[in-house]
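Those sequence lines, one after another, are chains A and B.
Quick note: the first sequence, position 6, residue 6 per the working numbering, numbers continuous.
Quick note: the second sequence, position 355, residue 355 per the working numbering, numbers continuous.
To be clear, the hints were calculated from the coordinates, so they are not data collected in a lab.
Owing to the predicted nature of the structure, the values given are computational and were not obtained by experimental measurement.
There could be a bad hint or two in this list.
Keeping only pairs whose Cα atoms sit at most 25 angstroms apart, straight-line, the calculated SDA-like set for lysine to any residue is [to be verified]:
hint, chain 1, residue 1, chain 2, residue 2
1, B, K190, A, Q317
2, B, K33, A, Q241
3, B, K113, A, T337
4, B, K297, A, D322
5, A, K389, A, Y351
6, B, K94, A, V280
Spelled out from the first residue to the last, the chains are:
Number of protein chains: 2
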Amino acid sequence: MATAAVAILKTSFAKAVQTGVPVSFFKVDDPAKVPGTPPGEIGTRSHFEKLIKKPSDISSRSPLQDFHGIITPSDLHFERHHNGVPAIDPATYKLVIHGMVERPVVFTLADLKRFPGVSRIAFLECSGNFRSGKEELSPQDICGLTSQSEWTGVRLSTLFREVGVRPGASWFLAEGGDAALMTRSIPVTKGWDDAIIAYAQNGEALRPEQGYPVRLFLPGWEGNTNVKWLRRLELGDSPWQTREETSKYTEGIRDGKIRQFSFDMDARSIITFPAFPATVERGWIEIKGLAWSGRGKVRKVEISTNGGKTWAIAELQEPVLDKAHVRFRYLWHWNGTETVISSRVTDDTGYTQPTMQQLLAARGPEMGGYHLNPVTGWLLKPDGRVLHKPESWR
Amino acid sequence: MATAAVAILKTSFAKAVQTGVPVSFFKVDDPAKVPGTPPGEIGTRSHFEKLIKKPSDISSRSPLQDFHGIITPSDLHFERHHNGVPAIDPATYKLVIHGMVERPVVFTLADLKRFPGVSRIAFLECSGNFRSGKEELSPQDICGLTSQSEWTGVRLSTLFREVGVRPGASWFLAEGGDAALMTRSIPVTKGWDDAIIAYAQNGEALRPEQGYPVRLFLPGWEGNTNVKWLRRLELGDSPWQTREETSKYTEGIRDGKIRQFSFDMDARSIITFPAFPATVERGWIEIKGLAWSGRGKVRKVEISTNGGKTWAIAELQEPVLDKAHVRFRYLWHWNGTETVISSRVTDDTGYTQPTMQQLLAARGPEMGGYHLNPVTGWLLKPDGRVLHKPESWR
Chain A
1 MATAAVAILK
11 TSFAKAVQTG
21 VPVSFFKVDD
31 PAKVPGTPPG
41 EIGTRSHFEK
51 LIKKPSDISS
61 RSPLQDFHGI
71 ITPSDLHFER
81 HHNGVPAIDP
91 ATYKLVIHGM
101 VERPVVFTLA
111 DLKRFPGVSR
121 IAFLECSGNF
131 RSGKEELSPQ
141 DICGLTSQSE
151 WTGVRLSTLF
161 REVGVRPGAS
171 WFLAEGGDAA
181 LMTRSIPVTK
191 GWDDAIIAYA
201 QNGEALRPEQ
211 GYPVRLFLPG
221 WEGNTNVKWL
231 RRLELGDSPW
241 QTREETSKYT
251 EGIRDGKIRQ
261 FSFDMDARSI
271 ITFPAFPATV
281 ERGWIEIKGL
291 AWSGRGKVRK
301 VEISTNGGKT
311 WAIAELQEPV
321 LDKAHVRFRY
331 LWHWNGTETV
341 ISSRVTDDTG
351 YTQPTMQQLL
361 AARGPEMGGY
371 HLNPVTGWLL
381 KPDGRVLHKP
391 ESWR
Chain B
1 MATAAVAILK
11 TSFAKAVQTG
21 VPVSFFKVDD
31 PAKVPGTPPG
41 EIGTRSHFEK
51 LIKKPSDISS
61 RSPLQDFHGI
71 ITPSDLHFER
81 HHNGVPAIDP
91 ATYKLVIHGM
101 VERPVVFTLA
111 DLKRFPGVSR
121 IAFLECSGNF
131 RSGKEELSPQ
141 DICGLTSQSE
151 WTGVRLSTLF
161 REVGVRPGAS
171 WFLAEGGDAA
181 LMTRSIPVTK
191 GWDDAIIAYA
201 QNGEALRPEQ
211 GYPVRLFLPG
221 WEGNTNVKWL
231 RRLELGDSPW
241 QTREETSKYT
251 EGIRDGKIRQ
261 FSFDMDARSI
271 ITFPAFPATV
281 ERGWIEIKGL
291 AWSGRGKVRK
301 VEISTNGGKT
311 WAIAELQEPV
321 LDKAHVRFRY
331 LWHWNGTETV
341 ISSRVTDDTG
351 YTQPTMQQLL
361 AARGPEMGGY
371 HLNPVTGWLL
381 KPDGRVLHKP
391 ESWR
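Using the sequences provided together with the hints, build the complete structure.
Written out as structure tokens, the structure reads:
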């Protein structure tokens, strides 16, 4: 910066301080030449970072291609609502547990927080998390209905003991306090296993879109069963056959039959870089992405850089957690010729992510739009464009 | 809700939709009776949650007593600046590495992101993270200058190989692009060991207050050495003796001597509940808090509920990560009589968090205000108040 400019700057700055004009109002060449913004009550995202969830009427999707690591920022966690986000006052919030129990109980939020707590980093994925059919789709478009947080709450098993679940109770109904009164029937075994009545996410209270003040969290199970704005649990001896488990959230199988209660999210992976809309240059490329399984831990992720002919093992970022997104990385030298790259995961049950052909062969042409986890391909063009490759699944 | 009220509500709502008035404008008894807010481009914190960092001129503090789990929300990460937050354009950002290297290199942000990456959940703590002297202090007041994120970037060792660090180079200077030109000398061994040139935090780009677009991250080392807005690394064969390692960030020891380059943060723990300003009732209380060590993993946390006479083992929330905040929990029945509760951590080097008497005995009365990690006590009063207990250290 020229001396004259510095002199002008100094004068301007002194004037700014006197008049209360923010220093940032004055353009400067070097941020190191002016005092910066002082500490604040709350931080902000840089205005250079444009991160949005691309909302539709009923959902919004995490921008997976923009993420690093495994934590999803809470304000970028995907959304899927059945009648919008209700405004619930935590001071008047109540959760009732009744039905086949010894002692029906109404819990306040303060009651729930007094019980011994548990925290767990785990993913949450919508069972309808699949889109395809054209080249210009990003990871967010294709499978942005998955996100990961550290969830904190009380184990449902603790509350089951508190209310005294009766021996014959085999299912419970979870009801949300949204305008859809979202309801799902859940096997009691999941409640005893690892279900959490969650009141916190990534260190702080749940965000409103994620069920504030309290949601059900069922590690590894399809998103809609993780009922948000949870207000009622009823214990019973059979499922309730609610709308969301009869007309919705079921899958066609062969011979005109329908599969209900397909809770577990199957293992899946996606390369998030390079991926549309990024462009790449020939040379060394670190292929990066996310892999997860609703049934346990990721055992391995394999990468193909030749359209599925051969596969090589990717590096997994520690810690590899149970029922959690894992970051994988694979260093690859691209010679600039057109090729298709893809990833596939194997979980610790031995299950390997299928191709779309394998999915179709197993479930039949009426399989519908839920629980689709096919291997996802990216076409690298010699000009550096990266396009989604629906063809690789047909 | 009475039928008449519902009718009025429906009319109001229809009108609201027609006129564009937000539905939330109309007070309703039951959020389940009106459509909620649709999905958005970006989430928000509930307006019922008031979380602030209590800024001073030079710092702001994480509200530890409000946190759950181990992740600090990025906008609540503590701040400690030496001349405010500079506004740096990522498109023009550059990092130069020079000095005792074979090939001085200027890296852009895009360059840094092309290298193989690494992610790690780890704490960051200011070496001046201590306040005491009165009863009405919260965990935020006492030690809110510690926070935890998942950090992502390129290993400094990778860049060291890229520039060809010369055999004789034993130190490097890290210089920030803030108006203080914050500079610290760091042993090259730390660069080869686990230093990260970080560009992301909790899944997204660094927040401006945390060094956007790039900071040095030195796992376990005192906060100020993790130079933010990093613009220059110079390799050399001795420390630079900058202001921040001579007049500041040094500690008095015995015989009028000064200790320099005390990088490692010693193991520490604090009970965050119950803690001021919370109040408690007699009965079962889950004592909760955070423990960490800059030298490795937390091996155990012990809890005393009788002023330090006896200690019992707390439960540690998995995963227990290296150089990371760990959440501990201890279920205790309080009979309502006045008592002091406290925690102490032992790390995997065998080091146990000292009392203030032990710190004074080891370092002498001129030890100053840095690297103070004493056992912190909370006085429970029969009326349910919880007060900080400075007396327990004297």
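Now the hints, each set against the structure:
1. B:K190 with A:Q317: The given pair, whose Cα atoms are some 21 angstroms apart, holds under the 25 angstroms limit.
2. B:K33 with A:Q241: This hinted pair holds, its Cα atoms lying about 23 angstroms apart.
3. B:K113 with A:T337: holds, 23 angstroms
4. B:K297 with A:D322: holds, 20 angstroms
5. A:K389 with A:Y351: Within the cut-off at roughly 24 angstroms; holds.
6. B:K94 with A:V280: holds, 21 angstroms
The structure fails none of the hints (numbered hints given earlier).
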